[in-house]
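K.L.:
Letter by letter, the chains look like this.
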Amino acid sequence: MDELILGKYNYWVYVALMMIGFYAVIAKPNLIKKIIGVNIFQTAVFLFYISIGKVEGGTAPIVWDQAVHYDNPIPHVLILTAIVVSVSTTAVAFALIIKIKERFGTIEEDQIRDLRRTPTGEET
Amino acid sequence: MDITSTTPVLAIGVSLVAAILIPLSRRRPNLRETWTILAAVIKFLLVASMAPEVLRGNTLSFSLWTIAPGLSIAFRVDALAEVFGLTASFLWIVTSFYSIGYVRAENEHAQTRYFTFFAVALSATLGAAFSANMLTTFVFYEILTLSTFPLVGHKQTTEALQGARKYLTYLLGTSLTFLMAALVLTYHEAGTLEFGPEGVFGGNVSRTVVTVAFVLFILGVAKAAMMPLHGWLPAAMVAPTPVSALLHAVAVVKTGVFVVVRVVVHLFGIEVLSQAGLGTLLVWYASFTIIVASLIALRQDNLKRRLAYSTVSQLSYIVLGAALLTPSGITGSVLHIAIHAFGKITLFFGAGAIYVATHKTLVSELDGIGRRMPFTMGAFTLATLSMIGVPPLAGLVSKWYLVQGAIEADTWPVLLVLGTSTLLNAGYFLPIVYRAFFVAPTRSAGGREEAGIHEAPVLMVTSLCVTATGVVLLFFAPSIFLDLARLVVGALPGGAG
Amino acid sequence: MNEPQLTPLPLLLVFIPLASAVMTPLLARIHRSLAALTAQVVTAVSFVLACVLLDRVAEVGRVVYWLGNWEPPFGIEYSVDMLNGIVLVLVSFIGVVVSVFARESVASEIDEEKHPFFYAMFLLLFTGSMGIVVTGDIFNLYVFVEISSLSGYTLIAMGRNREALTASYNYLILGTIGATFILLGIGHLYMMTGTLNMADLAKLLPPLYKSRVILTAFALFTVGLSIKLALFPLHVWMPNAYTHAPSAVSSLLAATGTKVAAYVLLRVMFTVFHPNFDLNVIPVTRILLVLASIAILAGSMLAIAQTNLKRMLAYSSVGQIGYIVLGAMLVNRTGMTGALVHIVNHALMKGTLFLAAGAIVYKTGVETVEGLKGMGRKMPVTMAAFTVAALSMVGVPLTVGFVSKWYLALGALDAGMWYLLVVILASSGLNAIYFWRVVDWIYFARPSKELESVPAGEVPWSMLVPTIVTAGLCILLGVQADLPVSLAEQAAGLLVGGAH
Amino acid sequence: MGENIIRRTITRLMVPFIQLFALYVIVHGDSGPGGGFQGGVILGASFILYAIVFGSEAGRRRVPAPVTDVLSSVGVLIYAGIGLLCLLLGSAFLDYRALPFKDPHLAGHYGIFGIEIGVGLTVAAVMVTIFFETAHRGEGGETRDG
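Residue numbers (our numbering), protein chains in the order written: chain C, 1 to 124; chain S, 1 to 497; chain L, 1 to 500; chain V, 1 to 146.
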């Protein structure tokens, strides 16, 4: 039991974070909060990657004469790429949100939905 | 013997060429009509040129191309195909003349479209007739449906479009679901769709599969207008009369029953069907349609609708004949394809001539019309008598063979069906003749009902006289069709003809 | 099979569009029209290269490229076999067609100063799609998925209506979640095997099939890809995105986007994992079969209810994706052939339909289905192309739709699942309803008042020719399907050859 | 903005050092922690800091929009160009050993060095672009889509 909860705590943490993010995506009507949710969701996965790269007693993967084990650097490299992707996604999302604010006048999902249902004379 | 020949392809292709030339010469109606006539004549000559070989017992085949492994578009002209091909291509010539008279007298709109799609429809009909496998049949079956849609909806009124939509829904809906399913199932079980006297199934196919596939085939071929999938035929009567005449007495419906006969005789093979007891099933199904459609026809006042229900009933004769699975039955069935075509096209021509000359469409309006249109109504009468089976007219020949087939098959109740239906035929046809010749015309308020002859344009009358002559000739000299029909039977396993 | 051949061709297929995407804004500074031209030239070159590559693959079986000469499994490997060879040719072909179409269409739908950016994103989307298909490294695949998705989001957002923005945003949220699932799946696989190379994974995974981590990874992949694939019920992002995106973008996405996702699903399910895993370890094929059947029926039914033309086409895509998945999940050669042929065929049909829809918008501004009434007289050639594609969707013989339906139906029977035949053919009937309604209106209904005033005439040649070409292929490959079918059969053999 | 004197002075002092550090990180990428990404972000941050303190217009004067646009493309092109060079020299894409240096080890060194510079330029340019694009909106000024 201890092994299941404490020994694998990194998985519990990432799953918990993931669900928090997921909850925000689903439950929050505010578009920016949704993006924050997506970010948490992605970050949880990043944490998972980083944690699986850790080797017991390992050091940073830089050549060092006293090192016995090195941590696995590959997940770090992968996640660096994934972070860049995540940042780009966030940037695109923000750009979209800004445009949505300009053209709908709100960034609350329910209000946008109402606006779409009753099409008013939009400037275009 | 199987001879490789391009003639079948040329015969099919010639009207496609016409379909290209017709729109190109849309500004010059006479040239345009020349193409139609030319194509019709060439087509008939090409089809006829194959007759000697076919009568010698050979088949002419040509493999056009392969869509994908197992799916080939190929043609083979055997006796059955030749019967249908001759009938359809000959009647196209007649109908072309009739059409020209009709559309010009009526001053129809979109004549170019009309003649174009007519030509395409004829190509599709011959394609279905000459196909060597079920896939080719299916392909041309669908082309026929699609190319006749603009013809049925030609008038583009709300009513015409509704009729055309119903037409398409029935035909496309059933074929793309049931027929397609039947094809896939057959191919899956048999590994081929090639027609042959033995059928495609070897001995080791389960009865369930055969039954399911067969039922799907019968449901899929709505063009055969078996009840309850006949609804499109009366609906399609909104089309201009030449369309109804050629397409719904010859091309479309005959393609339907032709496909049924093909399926029965050459795809499943009579052996398989009789083992599975499916022939009897189809016999009852056809009998039901024969009787019920005739009963409905009794109640129709619209002339074309009455003819349509008569067609529904007569088509089932052909199906019935094939379903008897006996030599004489099949002979009768094959003969009836040609004989009914001549008779029914005469009737439709007559209806169209009446419409052009007097704009009357109801049976109850036809009082005394025989005096004003003696040629038309004379031909009409001949055709009705042939339909009923009165000698010396062609209808008797096919009915004779059907009766014989029923006796061979030991299914006596079929005789009862044939008898009843003959009475019913008389019941719905003879009143028309009676009214036309023996009831005095009612005087309308306008007083335009003058005495004297007032016929439809000469092109139309000539056409319908030609087909009526055919009805008579086929009684005295059914030889070519009879020979062909015997060949169909003779090629079957165990069939002596 | 022979030793895989090393050639830089797979790399060039990704590298050329990527470099050009970056260069497009620079070139556009020299002359405006260069942006569109770059897109056209690049896609055309890619198409030629993809054809050469497919030819090479047909000869040697598999072609690989090692980035930086790092041998797999250490480096990133680009690997092309018959399966992705076909998809590469397809994607690049659609790329050519759409980029030719795009010049006039984009000029009318998007502000001029955004054009260089549009084409840069267009090429990036193209790069992403090609990259997804070409790569043999599963993490690299994720990167390309995101490249194509991100450029897709921006392209969709460039649509004329403000709804395009919300459509793009919703797609972004769902797409990112889907991609993150895939990323997580990759993490699980890596954790268990220590490799990211697909071929290597295929070797290392079988002993681990009972592991729960692997099952989780597989589930994550399936769900993530189903979102990208818009498989019912995860299709909700798609109708809005296709409806509001610029015409050229909807054409490209509809014709290639979901196809590429379908390819990835097949790759993961049948190459990275062994078909026996899908069949015997977890009942995933069963589940997906059910979903695909529902997708086929629900997609067609929802399409009937639509009033917006592009949205109707989008819902029809939901159904068609169902066909692809259904064929693949039968896990037999015929069904898989059907699925692969349908990937190609559906791209052609839907491409034609969306291109025609784009042409209609360009010429008349009509977006609704009703607005097509009487269109046959206004734009006869475009409408003829539309009709051909519509008939093909219905599955009329001599069109591509028939060929794929034939193989799918045969595959269903081969698998002993006759009831799927009912699903496939019932949807034929449903397709006939909504497509024939449109065709009927096009030719036989009276045009609306607004349309009456529009003079008859066609769109410019650069828009007309692509539409005709794809429509022509709908017929040509329906009449003569030997080539696609034989290629698809080989690919199907690779995928499900060892299934039992 | 009287009290800004402290911010301005400190920024003026800091920016060159930040940029120097950024260059160090970029250049050091092939032999230690760091590299194009990190360095590029730092380099971008220096311009952003400048723009925050002196206003975005002053910032844009230092790094005009065309410059960042071109640099973001050029960075990728450097990367791609080096890769292509390796390919043209008869080896695999990004196989630095093919570069025309005597020692393959040295060639790898220079190859990665070039790559890092390309990455750094792009990242910095993109960071700056994103910043200015977002900042512009808040001022309600003319928007540019990006």
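Fair warning: there could be bad hints in the mix.
As the list claims (entries may be wrong) - Going by beta-carbon spacing under 8 Å, a handful of chain C positions derived as facing chain L: (1) V25; (2) K28; (3) I36; (4) V38; (5) R116.
Said to hold, decoys possible - Reference listing, derived: stretches of chain L covered by chain S, where coverage requires no fewer than 3 residues with Cβ under 8 Å from a Cβ of chain S: (6) 44-56; (7) 304-315; (8) 364-370; (9) 481-488.
Said to hold, decoys possible - Here are the in silico distance ranges between beta carbons for each label pair: (10) V:T134 x C:V84: 53 to 63 Å; (11) L:N276 x C:K8: 23 to 33 Å; (12) C:V84 x V:L88: 50 to 60 Å; (13) L:P380 x S:I37: 33 to 43 Å; (14) C:V84 x L:A44: 22 to 32 Å; (15) L:L483 x C:E102: 24 to 34 Å; (16) L:D111 x V:T134: 54 to 64 Å; (17) L:P380 x S:N30: 53 to 63 Å.
No wet-lab data here; the hints were simulated from the structure. Note that beta-carbon positions come from the ideal geometry of N, C-alpha and C, so glycine has one too.
K.L.:
So which hints don't hold here, by number, going up?
P.N.:
Checked against the structure, the hints that fail are numbers 2, 3, 6, 7, 8, 10, 12, 13, 15, 16 and 17, while the rest are satisfied.
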